[in-house]
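Okay, so the sequence shown: first residue is 1 according to my numbering, each after it adds one.
Fair warning: there could be bad hints in the mix.
[Claimed, not checked] The list that follows gives simulated cross-link-like pairs (lysine-lysine, DSSO-like), each with its CA atoms no further than 27 Å apart:
1) K349 <-> K151
2) K701 <-> K1067
3) K1103 <-> K959
4) K1053 <-> K305
5) K1038 <-> K701
6) K305 <-> K380
7) K1103 <-> K741
8) K349 <-> K1051
9) K305 <-> K349
10) K1051 <-> K305
11) K1103 <-> K1051
12) K1038 <-> K959
13) K741 <-> K1067
14) K349 <-> K1103
15) K151 <-> K655
16) K741 <-> K701
17) K1118 <-> K1103
18) K305 <-> K1103
19) K1103 <-> K1053
Note that these hints are calculated values from the structure, not bench results.
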Amino acid sequence: MSAICGVIGNYARRPTAEAELSAMLDALAPRGPDGATTWHAPDGAARFGFRWLRTRPDEHNPGIAVSGDGNLAMACDGHVFGDDGTQSVAPLLERFAARGPEGWRGLDAQFGLAIWDRRRGRLTLARDPLGVRFVYYWSSSDGAIFASEIKALLRHPAVTRGHDEIALVHYLVFLTTPGPRTLFAGIRRVPAGGAVELGPSQGAGEATEQRWWDLLDNAVDERDDEKYYVNRTRELHQAAVRRRTVAGPIGALLSGGNDSSSNVVLLSRQGASPLHTFTVGLADFEGDSKYNDLHYARQVAEYAKSQHHESLLSTDEFLNIIPQTVEAQDDLVSEPSSVFLFHALRMAKDQGLKVVVTGEANDELCCGHGGMVAIRDGYKARWQPLMRLPRPVRGAAAALAPLVTPGRSDVLRRAADDGEYFWSYEVAWAQSLLPSVISPELWARCQAELPETIVARNRRRFDASGHAKRDYLDYMIYAMMMDNYFGNLMLSKLDLLASRLGLEPRCPFTEPAYAHWVYNVPATFKSRDGWVAGLPHACPGAVRRAAGHVGAAGAARDRVHPAGPAPPRHPGGPARCPPAPRARPQHQAVDGDGVEPLAHPVHRIQGVAMPTPTAPSATIATIAACLACLLVCLAVGAAPGCVIYLNPQCNDQIKNGDETGLDCGGTCGHCDFGQGCRVDNDCDGNNCVSGTCQPPPCENKVRDDAETDVDCGGGTCRRCSGGRHCEADSDCFGTCVPGLKVCSSITVSFADEVRFQSGFKAYAMFSGDLDGDGDPDIAVANEYGSSISVFLNDYDHAAAFRHLENPTGMAPDDSVFAKNFPTGLYPTGGALGDFDGDGHLDVVTANYHGNSVSILFNTGTGVLTARPTVTYTTLTCRGDPTKLEGCAETSNLAVGDLNNDGALDVIASNPQRASISEFLGHPGASGKGDGTLDPAIDVPVGITGGSNPYSVAIGDFNKDGNNDVAIGDDLTGSIIVRLGNGNGTFQPEVAYEIRGTRDYIIIARDINLDGNLDLLCANRGSDSVSVLLGRGDGTFRKALVASVRPADAPKAKMFSPYSIAVADFNKDGVPDVVTPNFMADSATILIGIGDGTFEPPIEMPFKMPTTPYGVTTGDFNKDGKVDFATANAGSNDLLVKLNNGH
1 MSAICGVIGN YARRPTAEAE LSAMLDALAP RGPDGATTWH APDGAARFGF
51 RWLRTRPDEH NPGIAVSGDG NLAMACDGHV FGDDGTQSVA PLLERFAARG
101 PEGWRGLDAQ FGLAIWDRRR GRLTLARDPL GVRFVYYWSS SDGAIFASEI
151 KALLRHPAVT RGHDEIALVH YLVFLTTPGP RTLFAGIRRV PAGGAVELGP
201 SQGAGEATEQ RWWDLLDNAV DERDDEKYYV NRTRELHQAA VRRRTVAGPI
251 GALLSGGNDS SSNVVLLSRQ GASPLHTFTV GLADFEGDSK YNDLHYARQV
301 AEYAKSQHHE SLLSTDEFLN IIPQTVEAQD DLVSEPSSVF LFHALRMAKD
351 QGLKVVVTGE ANDELCCGHG GMVAIRDGYK ARWQPLMRLP RPVRGAAAAL
401 APLVTPGRSD VLRRAADDGE YFWSYEVAWA QSLLPSVISP ELWARCQAEL
451 PETIVARNRR RFDASGHAKR DYLDYMIYAM MMDNYFGNLM LSKLDLLASR
501 LGLEPRCPFT EPAYAHWVYN VPATFKSRDG WVAGLPHACP GAVRRAAGHV
551 GAAGAARDRV HPAGPAPPRH PGGPARCPPA PRARPQHQAV DGDGVEPLAH
601 PVHRIQGVAM PTPTAPSATI ATIAACLACL LVCLAVGAAP GCVIYLNPQC
651 NDQIKNGDET GLDCGGTCGH CDFGQGCRVD NDCDGNNCVS GTCQPPPCEN
701 KVRDDAETDV DCGGGTCRRC SGGRHCEADS DCFGTCVPGL KVCSSITVSF
751 ADEVRFQSGF KAYAMFSGDL DGDGDPDIAV ANEYGSSISV FLNDYDHAAA
801 FRHLENPTGM APDDSVFAKN FPTGLYPTGG ALGDFDGDGH LDVVTANYHG
851 NSVSILFNTG TGVLTARPTV TYTTLTCRGD PTKLEGCAET SNLAVGDLNN
901 DGALDVIASN PQRASISEFL GHPGASGKGD GTLDPAIDVP VGITGGSNPY
951 SVAIGDFNKD GNNDVAIGDD LTGSIIVRLG NGNGTFQPEV AYEIRGTRDY
1001 IIIARDINLD GNLDLLCANR GSDSVSVLLG RGDGTFRKAL VASVRPADAP
1051 KAKMFSPYSI AVADFNKDGV PDVVTPNFMA DSATILIGIG DGTFEPPIEM
1101 PFKMPTTPYG VTTGDFNKDG KVDFATANAG SNDLLVKLNN GH
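Let the hints inform the model, and build the full structure from the sequences given.
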């Protein structure tokens, strides 16, 4: 980051001019610490100052550039990024001399500059197309003064100090000051993509402004060709990153999202070294994926092999940084992320870096902000029909709105005035509220330049362009890119915070050709099926292609569903609307503001629900209220107490229909304890008491009645787990210890870990008897090795596992490891099963990059070469498979007989295609399978494109003799259940919330020993395990959640349990749980109580960095106690922990 400043006219000729210029340069010292230069015109009409930041070891101070004929002089803060690796400013001056500002078109540059034309006696101030660098100026009849920052202008004694009251009014709405105004009276900001020309005696009001670049220029014809847009976007992004690299150390801010992650991966691929990455989180919210994405950032940094730095801010630290952040900003912007940005940049400064790559602009250009599609849909569904009503009707609705629906007053007033629906992504006070905030005198003075004039200005530009008839998203994106949002709110903070630290931020997504191209990508490719950023957030997709599903994890977090919460500050935009989740087949009263309707009876009048008068005859006031309600309903669709019957929903956060509680009861399923109910079946615990769901007597957390301990024993409740009080064996799952009167158990203790090398990135694992000796063996799927390692149990002889080598060679991608058995490309899941009916367990794998499943046939000795390995495609890639374009990325699978023909079938999950693939096995002569599978049947999951089915489980959940399927959807945080019909087909899906995030691996087990299969999942995003207790009828109770994080674990420590296994570790007869925690390099044991809940977690740290993903259990050494093992991606090995409890 460099800096410029200067004066022209009489200000340049003052006796104190040089000292005044030096004072301005001093104010810019942090911005350019590596040298300062001054220049003055031979005739004394202009003086320039320049401060320099050296960004490369071989870089020379450009100083003030002067044209060959001496006519033009330029001070420039910035660079032109050349394809040949050069990063200079010379092309800016050369092209200006030839064509003026228009000559800068086609350059990849970020700059703020000043050019003095000696012959014409004119000063040109200009900024790059997107406005990464800033220039401010102040002018009067005595000349003009300019600088990179306002603080430098204020060092000049001629610049008067005061606030701009119109700018302040704009600030109250937009949270920033749209240009050219600033909060300082008389100080103006040069617009992005603009040039301002000033004379030596020209006031600010007489400055000539030229817009030399605009996103709207040269609209690109739209095509229905996704690959066309994807390929060009990738090409432009790769080039933009390449041109912004420097020789030597470079930094990158890394959130773990798609934009920053793709920058980091490209920097790594292009040889940036050393590459430093920086991530900041909140300590108080560590582990909550809503606020903290450190684990995704770590995965990307690990793949990119960057030197990764992260920091968790405590609340006190956050508050302490606020004053420093405010002080660094001149033209204040109200953007809380500034605090995190400043801290991350300071971390980069502490590493001695000069250049930091950031991800600004792509969220706006690619429609990546949450709620954008919902806003667009609201425009089409509500605003356009509203605007077709006669203006008097709209005016009457606006007049009545404060009485009927105050929250919609502003949007109805805008409709009545033929205003604009969308103003900006972030709005504080709506314009209609300003009279209650500012004085009447100020309100009167700003009438000629109200905030709505800024919106109208942007709309006029849009309507005059080739985009005018395109999707409303095009207008929204354009409005967001202007300096009432992105151009100032986002870029100003970056410029000022980085400059305070002597850093230069570089933003590949602001490269003009990239920004223009992506803006022109049709809206149909930016959102699909109500999802944000369908194509462009895949455009930079280096992360997903490069890092496999590691990158996809970070990518998935950037996708935002319109049913989520609306943006936090949006009263100036369209009114918030209720979400639109899956419907239920019944009538429902939906209040348009997303709040519960008034609690009184309603009756219907032409589809509109009106308040039913409680008195025998309605009063005039009631009738008037009903008429007002009807009018507003006709205008906008809904209002409190005026409810429209829409397609009913069971998760709209409204109590309506036949619900007895919020989104529960009646036909909406069971309610939590404390919610309303009419009958027992309305309640999760099947216990409705006086209209409220109450815990059943055996779940009330109290020892009462005949119970021998809390909620257990005594013959009426479940039996008790180990360590609980008992009177007889019948009170325990195990036995009642005589004398002690406690249920039997052993201590939870494990011997030191033992490791066995497997293959490249050991990922998943499965245990079973592979060699027919009755002992549990282990198969490990090695993702990067594209192989299976077989470990035979040899504890009878060597007290260890013995790696069984492939006698025919080795997997081609596993050459640095022992000889393993090849699979399809990148196996990340699998199972054991006898597919060919020979009595031996075979291995089947889900191949992530292979988009397939493979069966490896067992000879009966553990050697997986009895028959040639067979691989079946799940889904064909829609694009280039080498780039994973539109591929399934098959992640996991489960096996079971789905059509009752005796042959094993396979269900595989395809997260990137939102589906599962069903492979039906062929029955053989033995009555079991013959080793072959039918081609895949594609079964969509959830909302196409909006679900991420990562794992599956099979079991008979409703006890009808037919296997059913459960699917872990890690994107929506749910488990989707489809009951089987016994012929390979399924009933409609039912989704259950897991009350956690990122449920990667799910299993079906009877965890509470009631004879019904339950569902369990490891939630890597929330450091927890979820248990859904089965009722035995195909439905499940609400999720119980147990943390895998011990209470004394440091807040900064993330666990991220990836998979889950069940076994009885303490021998009390109750199933327990073990999870491998890949971010903590440990395992967690959860000792079961017997009701689906657990004792406090017990962490077992491993001795070295391990990154455990897979887990399995078994009595490996045949001592009667269950052991566990993990597959470790970081150390490429199998880790065994033997149970030595007593």
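In rising order, the numbers of the hints this structure does not comply with: Numbers 3, 6, 7, 14 and 15 - these are the hints that the structure violates, sorted from lowest upward.
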